[in-house]
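The residues making up each chain are set out below.
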Amino acid sequence: MDSPEPKRTVSREDASKESMAISRQVIGINFCGPTPLMWRADELKSARELGIIGTLVGSLARQPRQNTRLGRPLELLPEEGRLLADMGRAAVIPDSTNEDPEVNPEQVQQYHAGMENSFQEQGAMALEDRKTTLLRVMTAKHNEDSGSQEDSNGAVRDRLEALDHGFSFPRTAMAVQLCTARAGLSHCPEVRRLLATDWPIPRDERSETRFRVFRDLRRQGFYLTSAGKFGGDYLVYPGDPLRFHAYFIVVCISMDESMPLCDVLAIARLGSNVKKTVLLCSSGESQEDDGEEVVYTSLQWSGMV
Amino acid sequence: MSELTKKTDEDVIEKPLPPNWILQHPMYQHLMNLDVGDSAQVHAAFLVYLDLAEVRQWKEVSGVGCSELRLVLLEGREKEGEPTQTVLPLPVHRGLCHRSVRSVLARGSPMLLCVVASDSSLVYQRMCDGLLTPDPPVCIQDQGRRQHRKRRQQH
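Heads up: the protein sequence lines correspond to chains F and X, in order. Quick note on numbering: the UniProt record's numbering labels position 276 of the first sequence as 276, and the sequence is numbered without any gaps. Quick note on numbering: the UniProt record's numbering labels position 32 of the second sequence as 32, and the sequence is numbered without any gaps.
Errors might be hidden in some of the hints.
Stated by the list, open to error - If you want the footprint, here are the derived chain X segments under chain F, 3+ residues with CB under 8 angstroms:
no., segment
1, 92-100
2, 105-118
3, 122-131
It is worth saying that the hints were derived from the structure and are not from the lab. The C-beta atom is built at its ideal place from N, Cα and C for all residues, glycine as well.
Sequences and hints are given; from them, build the entire structure.
Quick look at the structure:
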């Protein structure tokens, strides 16, 4: 670049248009077996703005052997996906892995060619890198010792030549880029609306109860995540989980299901110990989707020792 | 179990209780006569009654029958002048359904579940309607250990 690029100021109109575009976009959900997943970064952002948190479950390319920090895809609770679909904000992207690979041999060939190119480029860059490092190390060494200029130059040349001949870039060290924005994982929004299928999760009573509780709490403005660590169904936060502690541990039960008393006492005590209220939640009787009421019972520390 | 005695000039003779003293206790008989709960639940209710009335010194403790649930409930006041509370006594081996809990809550008084174990130990659990915000954690102030934690993670 000979001259600096002119600064582009983003007008308020542009910014609000962009945010409107994000807020109107239909989120694509890919299923892996029964599990709903989201891959695209801008869609994760949209989902979060709608109060859908999910869990990151992907390995990070540069930090693979740990699970403190994970990356995409975002795994959704069945209830999160279903709520997005019911709101008309998400569409299930049909699984294209069953397509016959023979159908498009050209694409396959292009892919392999691209990989080979990348491999050669990366190999060349790795070699350059090694040479630079070698030079730096040997120059530093030379500055320390007080050997003659000629000898050290010769030594450096020899080493560089050896490197040229002996260096090999292993296939396993190659970095592979996964294009999540394109490459068969998405369709344009119009096509998505056409392809949208019914939410595929089987609707048994327990799933139905869980969903109604999820929807009701979400409507009240709470943020929900799964509560496996606490033996419940959901953890309920008054705001984004990154900023708040959870208030409630939700246990979804049907009105007539018999709970062992030991379990009730155990989870109540757990709640007291972690300063969260345990909520027993059941869905009311009404058959209609909109008429039913969710009832909540809070388990409270009795203070009676 | 025997009654406390005082060896005074009146020479009160210690009267040993019969082994089936519970069955003869007027409150127990009242609870049985309500003809609602099974004997195990009535027995549990009686033990809770003793705890509330004798140990915790609650006032006006009485037994009421709930025909809808086929259970005996207890009512009483923790202190004079305080509102009445409802206690649901249950033996530990029983299950409890949410519908029953809502039924007791619908009576309008603050509710306590009391679970009675086979060794007669009692655990009380308060239940209320709605979403009760928990008490906040004791110390939310940053304790300034971020640097220390960072260094630890590098090793």
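Checked hints:
With a threshold of 8 angstroms between beta carbons, the proposed coverage of the segment 92-100 of chain X by chain F holds, since 8 of its residues qualify and at least three are required. A count of 4 residues in the segment 105-118 of chain X with a Cβ less than 8 angstroms from any Cβ of chain F is obtained; the coverage claim is therefore met, three being the minimum. Using a Cβ-Cβ cut-off of 8 angstroms, 9 residues of the segment 122-131 of chain X lie near chain F, which meets the minimum of three, so the contact claim holds.
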